[in-house]
Amino acid sequence: MVSLLNKAFQDAKNEKRPALLTYIVAGDNTKMKSLEILKSISNYADICELGFPHNTPIADGGQIQTSAYRAIKNGIKINDVFSIVKEFKKSKKTKPIILMGYYNMIFQYNENKFLDKCKKIKVDGLIVVDLPYPENKKFAARCKKKRINFIQLVSPTTSSLRLKKIIKDSHDMIYYISMLSTTGGKLKVSPKKILEKYSKIKNHNKSKNVVIGFGITEKSIKSLKKADGLVVGSAICKEISNSIKKRQNPVTNVTNIVKRLKNKIK
Amino acid sequence: MKLKRGIALIDQHDQHGFWGGKFGGSFIPETLKKPVEDLTNKFKKLRNDKKFLKKRDFYFKNYIGTPTSFVKLDNLTNHLEGAQIWTKVVSEANGGAHKIYNATVHALICKEMGKKYIVGDTGAGYAGKMLSMAAKKFGLKCKIFMGAKDIKRQKPNCDAMRKNGAEIVPVHSGSQTLVDAVSECMRYWVSNCENTHMCVGSTVGPNIFVKICGWSTAQISRELKVQLKSEFKKIPKKIKLINCVGGGSSAYGFWSEFIDYDKKQIELIGVEAGGPKKSKLHAAPLSRNAKIGVLHGAASYLCQNSEGQINDTESISAGLDYPGVSPIHCFLKDTKRARYTYATDEDALNAYVMVTKYENLNPSLEPSHAFAEAIRIAPKLSKDTVIIVNSCGDAKKDRDILKERLGKR
Ligand SMILES: Cc1ncc(COP(=O)(O)O)c(C=O)c1O
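For the protein sequence lines, the chains are Z and P, in the order given. Using our numbering, the first residue of the first sequence is number 1, and each one after it goes up by one. Using our numbering, the first residue of the second sequence is number 1001, and each one after it goes up by one.
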């Protein structure tokens, strides 16, 4: 059976464009609002990433930190994150959803229980920021058994030897971190350089869907169109912050951004 | 779970970096895998490199100043009428605390790696001050990450950092203390690891940082062992080594040579920050039986809630105000080699008052936690028991807090 993730990439490919992946933090700024945002942007996004917020996010920059702190302050709990997914999947059965977060929360919930829950509510993939290869081997295998995609990350510092091993151990999708940065940094590497490394990864195994993330905004998205998929996170989180500040509806504003992003890669 | 004899504790981890199969590790973002691996390989080489060791010993002796003195506190001993109380005055080291050992070694490694920039975290400001000193000494550009709350309460050390030419980056997120400083420092390293070396200020963080720090502070117990033998002819029969524990770098350094001894002969006692007596908050994951969790790249006992969010901590001592603790101390706890307890803010202040009343010694609020435990147990112990407290920091930095809490003295 083809996974929803693979299918989303295939559909985008058929339209000769990269898949658009969006990232928001569950519970930002409330449980209800984030569900609304998620539903609304999924009309344009091909794959939705949903962060389960942690209060010590060592790999996130200011924008996503702000979203995470806001969500936690508003009382979001891991079970709320699960219920957002469950609710979302009721109306958006075929839209793939990826949960993303830090390992301690999975560890405290219990790895097996966490994965059982993910399977039950039909989570399609998992990104665990601070569980790198090869430490993630066991966990990734457990995911596979439950038909949940464990998404391996690759960065500009990943050596060729390591890259080979990671790709070999990856599932349907690989996430290439565009530059040395936390999330939300300015794109400090030229698109050409990023795409060079991207091609290198792609050439190892063409059947894997490789997405690029970190530093992608409305300005830069078009220049990376060649990729299988492009992830936008901080730019969206920032829009939620701005909307709240201006007392505007984040659902409308965020949806508009995602719409524009999509138009740029069509 | 078992300790091995004849192998330094810092080397008793498995291939994934775990002590006792579950403490430590390297829970890091992919981007840091390469720099951490490079550092690991470099350190492995350097610690066996005679030239490097000579260099280390040269700077330990001529720059840090070794050995720091080992003295008996006669007045305090007489006052408490129990065990003998001794102290190793590690605060005599250049800069006023043990943090200079780790900072110096990191600066030397940074040079060896050909990097020109060095960054570090700090709570009490000592780790930052020492790194700024070492950076200046070895011609490195230095950035220190420090919680905004700590910048306020440890001003003297901040002044020193600036004087040494380091940039202090204030961290306003979270509780604005050490935990946030470490997070922000790691974020900075993710973005700048190509030309920048990171120093973690204690025996915490990804496996390699625990090792480098412990390797550096171990100098303290190497000195103490020699001093004990020269003072007592041989190692006494009943010793208690008492040390405060924040991240655990001074405690490990104070204990490392003595871990192989029977605990009936040499008891190791770690004292964590119990926080204000009336507060629910504390920074004592070991002695208050916190659950194991992952913070800053390592698994350790950790002040956290049931969801895995890191708890706020509270302590009068900025240096101990940290929700996690070194994996090697978790290992020492679970193997029952060391015993961990805590002292409250009030206990530490009382101990500070008593020590400074009877002795010509000015321990900072961190070692005052250790003195609190020494003062508590000494009266119940025999006169041939030798209590040794690591006086690992000088109270100059605590000037404002002491004035506020104790008034003019
Ligand atoms: C004087 C002093 N003692 C103790 C500590 C706690 O750290 P550790 O447990 O690593 O020695 C600090 C930390 O800043 C310190 O400055």
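Since the hints were derived computationally from the structure, they do not count as laboratory data. C-beta: ideal position from N, C-alpha, C; glycine also. Hints are not guaranteed to be accurate.
Said to hold, decoys possible - Label-pair restraints from in silico Cβ distances: (1) Z:ASP169 / P:ASN1048: 31 to 41 Å; (2) Z:SER159 / P:PHE1058: 34 to 44 Å; (3) Z:GLU36 / P:LYS1396: 50 to 60 Å.
How the hints compare with the structure:
In this structure the supplied range 31 to 41 Å holds for ASP169 of chain Z paired with ASN1048 of chain P, their Cβ-Cβ distance being about 33 Å. At roughly 35 Å, the beta carbons of SER159 of chain Z and PHE1058 of chain P sit within the given window of 34 to 44 Å. Separated by about 55 Å at the C-beta atoms, GLU36 of chain Z and LYS1396 of chain P satisfy the suggested range of 50 to 60 Å.
Of the numbered hints listed earlier, not one is contradicted by the structure.
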